[in-house]
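Colleague: Sequence:
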Amino acid sequence: MNTLMGEEAQKTGSIREDDSKGRHTTTGRTLMTMPSGAVLLDTPGMRELQLANVSQGLSETFSDVEELAQQCRFSDCSHQGEPGCAVQKAIDEGSLDPRRVNNYMKLQREQARNSASLAELRSHDKQLGKMYRSHQSEARNRKNKP
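If you count by the numbering used here, then the sequence shown holds residues 960 to 1105, one letter each, in order.
By construction, these hints were calculated from the structure, which means they are not laboratory data.
Here the structure is a predicted model, which is why all the values come from computation and not from measurement.
It cannot be assumed that every hint is accurate.
Stated by the list, open to error - Simulated pairs of lysine to aspartate or glutamate, EDC-like, Cα-Cα distance not exceeding 20 Å:
(1) Lys1085 <-> Glu1097
(2) Lys1065 <-> Asp1023
(3) Lys1048 <-> Glu1026
(4) Lys1048 <-> Asp1023
(5) Lys970 <-> Asp1001
(6) Lys1065 <-> Glu1019
(7) Lys1065 <-> Glu1025
(8) Lys1089 <-> Glu1079
(9) Lys1048 <-> Asp1035
(10) Lys1065 <-> Asp1035
(11) Lys1065 <-> Glu1041
(12) Lys1065 <-> Glu1026
(13) Lys1089 <-> Glu1069
(14) Lys1048 <-> Glu1025
(15) Lys980 <-> Glu967
Said to hold, decoys possible - Restraint ranges, calculated between C-beta atoms of paired labels, are given here:
(16) Ile974 <-> Glu1019: 37 to 45 Å
(17) Ser1022 <-> Arg1068: 14 to 22 Å
(18) Ser1054 <-> Thr971: 41 to 49 Å
(19) Asn1103 <-> Glu1052: 52 to 60 Å
(20) Gly987 <-> Leu963: 16 to 24 Å
(21) Ile974 <-> Gln1030: 21 to 29 Å
(22) Pro1042 <-> Lys1065: 45 to 53 Å
(23) Ser995 <-> Ser1054: 45 to 53 Å
(24) Arg1099 <-> Glu1052: 48 to 56 Å
(25) Arg988 <-> Lys1104: 53 to 61 Å
(26) Arg1099 <-> Gln1029: 47 to 55 Å
(27) Ala1098 <-> Thr971: 36 to 44 Å
(28) Gln1029 <-> Gly1053: 29 to 37 Å
Glycine residues also receive a C-beta, built at the ideal position from the N, C-alpha and C atoms.
Turn these sequences into a full structure, and let the hints steer you where they fit.
Modeller: Here it is, written out as C-alpha cells:
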C-alpha cells in the first residue's frame, strides 16, 4: 500500500527471516485515494478480486475497442498484427491507447477463464502438463546424446 501511495499511509510489520516476505498487518478495511485519483481497497486476508459475468460491463466500458474490432478484416482477429486490423491501425494512428487495448484483452481472457467449465479447465491443464512433460523428455534426451 505504501509503495502504491508513494508515502507511509499504513503501518507496516517486520520481514519474516525464513522467506523474506512481509507480515500481514491489515486489521480492518481501508479505502484510500491514490495521488492519481484511483481508489485502492485494502482488506484483511484478501488476496485477489475476480470477475464474475461482466460481459455487459466490458462491452460498455470498452465500447470504442469493440466498435473498432468489428471493423477488422477477420472476425477472429486477435489485434496482434493481423492484416486489416482496425484496432492496430487506431493504435498506430495514435487515436487509441495501446494500454487500453491490453487492459481490454486481459479482462476478456480473465472473463473467459472464469466462465469456463471445470471440465474445460481440466482439459486445458492436462494439455499443458503433456506439453511440459514432452519438453522435459526432449531436453533430457538432448542432454544424454554425445
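Colleague: Look at each hint and say if it fits the structure.
Modeller: Tested hints:
no. : hint                            : verdict
1   : Lys1085 <-> Glu1097             : 18 Å, holds
2   : Lys1065 <-> Asp1023             : 16 Å, holds
3   : Lys1048 <-> Glu1026             : 13 Å, holds
4   : Lys1048 <-> Asp1023             : 13 Å, holds
5   : Lys970 <-> Asp1001              : 13 Å, holds
6   : Lys1065 <-> Glu1019             : 16 Å, holds
7   : Lys1065 <-> Glu1025             : 14 Å, holds
8   : Lys1089 <-> Glu1079             : 15 Å, holds
9   : Lys1048 <-> Asp1035             : 16 Å, holds
10  : Lys1065 <-> Asp1035             : 16 Å, holds
11  : Lys1065 <-> Glu1041             : 19 Å, holds
12  : Lys1065 <-> Glu1026             : 18 Å, holds
13  : Lys1089 <-> Glu1069             : 23 Å, violated
14  : Lys1048 <-> Glu1025             : 14 Å, holds
15  : Lys980 <-> Glu967               : 18 Å, holds
16  : Ile974 <-> Glu1019: 37 to 45 Å  : 43 Å, holds
17  : Ser1022 <-> Arg1068: 14 to 22 Å : 19 Å, holds
18  : Ser1054 <-> Thr971: 41 to 49 Å  : 43 Å, holds
19  : Asn1103 <-> Glu1052: 52 to 60 Å : 53 Å, holds
20  : Gly987 <-> Leu963: 16 to 24 Å   : 18 Å, holds
21  : Ile974 <-> Gln1030: 21 to 29 Å  : 52 Å, violated
22  : Pro1042 <-> Lys1065: 45 to 53 Å : 24 Å, violated
23  : Ser995 <-> Ser1054: 45 to 53 Å  : 23 Å, violated
24  : Arg1099 <-> Glu1052: 48 to 56 Å : 49 Å, holds
25  : Arg988 <-> Lys1104: 53 to 61 Å  : 59 Å, holds
26  : Arg1099 <-> Gln1029: 47 to 55 Å : 48 Å, holds
27  : Ala1098 <-> Thr971: 36 to 44 Å  : 42 Å, holds
28  : Gln1029 <-> Gly1053: 29 to 37 Å : 21 Å, violated
The structure shown violates the earlier hints numbered 13, 21, 22, 23 and 28.
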